Every structure is written in structure tokens, then in C-alpha cells.
Amino acid sequence: MSGAPDGEVRLPASLRGVEPVQSVRTPIRLEYDYRPSASAESYLRAYADKRIIGHRSPVDGAVFIPPRGVDPRHGVAISEEVDLPDTGHVGNFCVTHLPIPGRKGLEVPYVSAWIHLDGAAVGFLGLVRGCPTDEVRIGMRVRAVWKPDDELGTTAENILHWEPTGEPDVPLERAGNRSFHASQPDAGGDTGGEADA
Amino acid sequence: MDEAPLRADLILEYPFTRTTGPVVGAFLTGLREGILIGIRRSDGTVMVPPAEYDPVTSEPLTEVVEVGQAGEVVSWTWVDPPRPQSPWDGPHGLALILLDGADTPMFHAVLVDSPGELATGMRVSAVWREEREGHIADLAGFSPEVDA
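Chains V and H supply the protein sequences, listed in that same order. All residue numbers in the first sequence are consecutive under this note's numbering, ending with 197. All residue numbers in the second sequence are consecutive under this note's numbering, ending with 148.
To be clear, the hints were calculated from the coordinates, so they are not data collected in a lab. Values in this document were obtained by computation on a predicted structure and should not be read as measured data. Cβ atoms here follow ideal geometry from the backbone N, Cα and C, with glycine treated the same way. Be aware that one or more of the hints could be misleading.
If you only want the chain H side, here are some residues facing chain V, beta carbon under 10 Å, derived [to be verified]:
1. P15
2. G21
3. M47
4. L139
All chains, full assembly: derive it from the sequences and hints.
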């Protein structure tokens, strides 16, 4: 009936010859009032003392960070907190060359990485600085760089970034996520990582 | 006394811009030009705002038609106060408005001062902003028609 060939859109006279709109702004903004869970609250308060807390599974001793109060593999509650060191290795990483619109204080290129703390079965996200981006590698040993003591708060932002320690790398076959074989001797609740290498 | 529970503001923003395609683009072009358009459906009726495909038969729709700038309130509600991110600063009505020449109503604001000024069946007409860019906010809303 309307019969335009090939599905071509036919415009009324009033819209012919004017510059067509081809894109539209559709910004989304979500405003949350964040209240941490009990386990997240302990984790955040410990940061103010430059401590990093994990949760140890009652099933096999695997340590999870951040602590969530549960071992997601077995569906069991966790209440045992353990202190983790501020050293570990890069389990995986990404070099970002495009800036995030609206994000301040993060110059490109930057390296975001899964940081696997010594003694933890899983990694958590951090920035790696202190070496050229093309020298970052899986298994590289890193340590936390903290904010000055008088700027510490109840926030994970206390850790500005992670820097190389210069120690020998963790071998590739032992780097990264070990939560799915955490019951093996080198990955449970003891130090893991370097110490039992 | 225990410490007060922790809390923090957490704000996520996505500054999306998306492409419109020719049909939605025509609607937005119309807003910028100060006219309202719909699209003719397979059964000959006119749908406002336009969609690319017929909602019943799924056929591609291609005939963009201009509709009137005034119409009738089919249904309405009163918003007081608007939520923080509302496009409107103060209390206002929201209504389904059946524009002259359209067969489906469109949703927009009716700019009156109190809910007592709203009624199903009342006539309203478009109020345009001075500065327009091809966005739904180019249409400030609708106001009651003044009897001639």
C-alpha cells in the first residue's frame, strides 16, 4: 500500500531537504546509596589500618578476597577472617589505551590486573604501575603502594596501585586463579604462591 | 557504642549516544523542526511516535506522515514532586495524548499548575522550546487549548 521501494522511508514535505537527525543522546545515571554487608564492612574497616582481609573456606581452606561471607563453590557460609599480605602476583592483565569518558586521574595507557595475593585462591582487581606497560606479564610479583598514612580511609582506594617487586616470577602454571583446585597442597589456606614454590 | 555503619555514594554513568535509523530519526528531525510525525501502519492507521515495524504484522513501515500539534487527553496522572532526574522541574501532569490525525496516543507532559486543571477528553496543544536539537525534550509539553 504505502509502497516505497526497498523499504525506503518516505518523508512528508515538511521534512524533505532538512538535515536529518541521525543520533540521539541517551545518557544513563544510576545513583546508589551503598551500604556494605557485614563482611564487606570488616574488609573496608581493615583497610583503614592497611590490612587486607580474606575469608577462609571451612571446606578446604581456600581464601577468598574480597570476603563475601560465603564459599560460592560449595554454597557454605564463611565466618573465618584471615589477614592477607600486600604482596602477590599478576594473574592476568589488560592494557587500556582509550580513556573512560568522565573518568579523572587515570592517564592512558594504564594496566588493570587481577592481583593474586599470596595465600589467596582468587584474584582481585588493581592497577599496575611502576614499569613500562609492555613489561607487565602474567606471574609478575607485585606489592601494594598505599596512600600516605594520614590519607587512609575505610576504602579499597587506600591502595593506589601495585608495583613490581623485582622478585622472580611465579611460574605460569601456578599463576592466576586457583580456586577450582584450591584443595591441592600448594593452594589452600597456607601461604600459597612463592613461599611453597 | 559501635561505630556508625559505613555508607558511600556510588554513581554509575553511561554517556551513551545511539544512532536512530531513518524512522526514529525522522521523528527527532520533526521535533527539531517543530512538527510531530507518525507512521502509517499496514491497516492504514497512523502510529505516533513512529516505529520501524508494524507491532502486529511485523511488516517494515515506511510512510512517515505529519500529524497535528494538538489533540485530546486520553488518560493522565499527576506527578508531585518530580524525581531528581526528571526533565521537569516542578509538579506536572503526564498524559496519553491522541494527536489530531493519529490513531495511537503519545505520552508527554501537560503543563498545568494543578491536577484540577486536567481531565480526560480535554484538548491540549504542543509547547515547543526555543532551542531545539532533535530530542524529545525539544517538546516542553502540552498546554490546554484556549477556546477560540
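Violated hints, by number in ascending order, as checked against the structure
Result: hints 3, 4 break, sorted rising.
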